[in-house]
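Undergrad: Just need the whole structure built from these sequences, with the hints factored in.
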Amino acid sequence: MATMKSAQMNKGFPKEYETVIGLEVHVELATNTKIFCGCSTAFGGKPNSHTCPVCTGMPGTLPVLNKKVLEHAVAVGLATNCTITRYCKFDRKNYFYPDNPQNYQISQLYLPICRDGYVEIESGEGKKRIGIHEIHMEEDAGKLIHDEWEDCTLVDYNRSGVPLIEIVSEPDMRSAEEVIAYLDKLRLIIQYLGASDCKLQEGSMRADVNLSVREAGAAQYGTRTEMKNLNSFHAIARAIEGEKNRQIDLLEAGQAVVQETRRWDDLKGTSYAMRSKEDARDYRYFPDPDLVPVSIDDGFLEEIRSRQPEFRTEKMARYKAEYDIPDYDIEIITGSKHMADIFEATVALGGQPKKVSNWLMGETLRLLKEKEMDPEDIRFSPEHLASLIALAESRAVNSTVAKEIFERMFEEDVDPEKYVEERGLKMVSDEDALRKAVEEVIAANPKSVQDYRGGKERALGFLVGQTMKAMKGKADPAGVNRMLKDLL
Numbered sequence: 101m102a103t104m105k106s107a108q109m110n111k112g113f114p115k116e117y118e119t120v121i122g123l124e125v126h127v128e129l130a131t132n133t134k135i136f137c138g139c140s141t142a143f144g145g146k147p148n149s150h151t152c153p154v155c156t157g158m159p160g161t162l163p164v165l166n167k168k169v170l171e172h173a174v175a176v177g178l179a180t181n182c183t184i185t186r187y188c189k190f191d192r193k194n195y196f197y198p199d200n201p202q203n204y205q206i207s208q209l210y211l212p213i214c215r216d217g218y219v220e221i222e223s224g225e226g227k228k229r230i231g232i233h234e235i236h237m238e239e240d241a242g243k244l245i246h247d248e249w250e251d252c253t254l255v256d257y258n259r260s261g262v263p264l265i266e267i268v269s270e271p272d273m274r275s276a277e278e279v280i281a282y283l284d285k286l287r288l289i290i291q292y293l294g295a296s297d298c299k300l301q302e303g304s305m306r307a308d309v310n311l312s313v314r315e316a317g318a319a320q321y322g323t324r325t326e327m328k329n330l331n332s333f334h335a336i337a338r339a340i341e342g343e344k345n346r347q348i349d350l351l352e353a354g355q356a357v358v359q360e361t362r363r364w365d366d367l368k369g370t371s372y373a374m375r376s377k378e379d380a381r382d383y384r385y386f387p388d389p390d391l392v393p394v395s396i397d398d399g400f401l402e403e404i405r406s407r408q409p410e411f412r413t414e415k416m417a418r419y420k421a422e423y424d425i426p427d428y429d430i431e432i433i434t435g436s437k438h439m440a441d442i443f444e445a446t447v448a449l450g451g452q453p454k455k456v457s458n459w460l461m462g463e464t465l466r467l468l469k470e471k472e473m474d475p476e477d478i479r480f481s482p483e484h485l486a487s488l489i490a491l492a493e494s495r496a497v498n499s500t501v502a503k504e505i506f507e508r509m510f511e512e513d514v515d516p517e518k519y520v521e522e523r524g525l526k527m528v529s530d531e532d533a534l535r536k537a538v539e540e541v542i543a544a545n546p547k548s549v550q551d552y553r554g555g556k557e558r559a560l561g562f563l564v565g566q567t568m569k570a571m572k573g574k575a576d577p578a579g580v581n582r583m584l585k586d587l588l
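The opening residue of the sequence shown carries number 101 in the working numbering; numbering runs sequentially from there.
Just so you know, the hints here were simulated from the structure itself, not pulled from any lab data.
Since the model is a prediction, treat every value here as computed from it, not as a measurement.
C-beta atoms are modelled at their ideal positions from N, C-alpha and C, and glycine is treated no differently.
Among the hints, erroneous ones may be present.
Below 25 Å or equal to it, Euclidean Cα-Cα: the simulated BS3-like pairs (lysine-lysine) are [what the hints assert, rightly or not]:
1) K503 - K454
2) K299 - K285
3) K536 - K556
Label pairs and their calculated CB-CB ranges [as the list claims (entries may be wrong)]:
4) G144 - G435: 25 to 35 Å
5) D216 - Q355: 33 to 43 Å
6) N458 - F386: 57 to 67 Å
TA: Structure below.
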């Protein structure tokens with residue numbers, strides 16, 4: 101059991117504290133339309149352009165459940181070892197905020213779609229099961245934009261009605277490391293299912309952290325707080341450490357922890373109270389009278405089960421058996437469903453697994469880091485990657501030109517063969533032309549020739565560079581190197 105010693109002292113004796121953490125993870129589902137109407141769910145767009153009378157809460161409108169939302173929710177439930185509720189209903193959660201157009205949210209309290217599941221994580225403490233209390237379907241609220249210049253707040257309802265699932269864990273996590281491992285496992289499961297892109301920076305995956313501390317060995321939980329405004333794994337880890345230390349400081353000073361919702365400010369590295377923490381009774385839940393109950397039969401459940409993909413754990417085992425690539429490569433490539441798909445499709449087109457892996461692990465990861473992009477944002481096609489690898493392996497282009505082509509391919513998914521043809525980048529294979537260029541370089545650089553013959557290997561590099569310059573980069577450096585050595 102992970103414990104933590106307070107930096108402060110109580111009557112001269114340090115106490116040990118245990119941190120208890122549960123998460124509420126909201127995931128925007130990958131549907132084209134909203135949960136109860138036909139409006140677009142596309143990210144961005146002009147404010148209030150993806151709206152209609154239903155998702156703006158106009159009186160007299162009637163919601164209709166999007167079947168795709170139910171399919172995604174059940175798929176996630178099956179993948180996280182949940183029991184699927186065969187007869188479930190929607191409820192109204194009543195609260196009054198400007199971004200909530202109906203003054204209630206349609207959610208599920210009494211009969212959530214999934215219950216009693218778990219995922220297995222791996223951390224420094226080893227393998228551990230994290231329980232999932234429930235998964236329920238609900239609609240998202242709108243977005244408030246605070247305009248400090250005009251001193252006003254504007255409301256954008258484009259996000260209102262976007263379908264969500266909320267995954268509520270048991271309070272089974274004891275450290276920031278376990279929380280990140282749990283979130284990463286959920287993210288990969290959901291991405292592999294195609295249920296969401298789970299981009300924290302765009303809000304399609306959001307986590308609220310419920311945290312309390314107690315003396316090590318205590319049976320009762322401490323008073324919990326809920327942390328909001330967490331849009332990256334880094335912010336979540338910092339918020340957990342900050343809130344844990346804040347609560348311990350209060351307890352060491354003999355003060356009580358107040359049950360409340362707090363907002364984390366990652367720039368300042370601190371949190372502040374937003375409001376007192378509500379209980380379910382504060383929301384006055386009651387069954388939604390406009391939505392019929394959902395009844396799931398055996399056929400529907402088996403259809404969703406039959407669509408379950410090969411998840412990361414199984415994929416890693418298969419890669420190890422089928423492809424001769426290092427374990428580290430397997431771990432990185434399978435860490436993104438999109439990258440794994442590109443890898444497999446490129447290999448299927450004839451690419452050698454290790455060559456394909458080298459381009460993904462090398463140039464692809466370098467450019468993703470430079471441009472601060474996620475692997476899911478990769479735009480080049482497997483066909484073009486396979487074509488580039490073939491050009492490089494056949495020595496139709498040298499390594500420098502291959503990297504230049506790849507950068508353009510990464511940006512615009514250009515066709516490598518057309519790119520080479522249009523710009524005349526194909527390597528010169530005429531031995532006579534290469535010999536002539538090498539002889540001219542030797543004749544023009546007697547000092548470097550003398551230095552090389554005198555044992556200075558670096559002089560050869562200069563002569564190779566001069567030859568490549570004379571050939572306008574359209575020669576194989578290894579071939580130039582060999583010919584220079586022969587003629588010298």
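Undergrad: State for each hint whether it applies.
TA: Verification of the supplied hints:
no.: 1; hint: K503 - K454; result: holds, 17 Å
no.: 2; hint: K299 - K285; result: holds, 14 Å
no.: 3; hint: K536 - K556; result: holds, 24 Å
no.: 4; hint: G144 - G435: 25 to 35 Å; result: holds, 26 Å
no.: 5; hint: D216 - Q355: 33 to 43 Å; result: holds, 37 Å
no.: 6; hint: N458 - F386: 57 to 67 Å; result: holds, 59 Å
Violation of the numbered hints given earlier is absent; every hint is satisfied by the structure.
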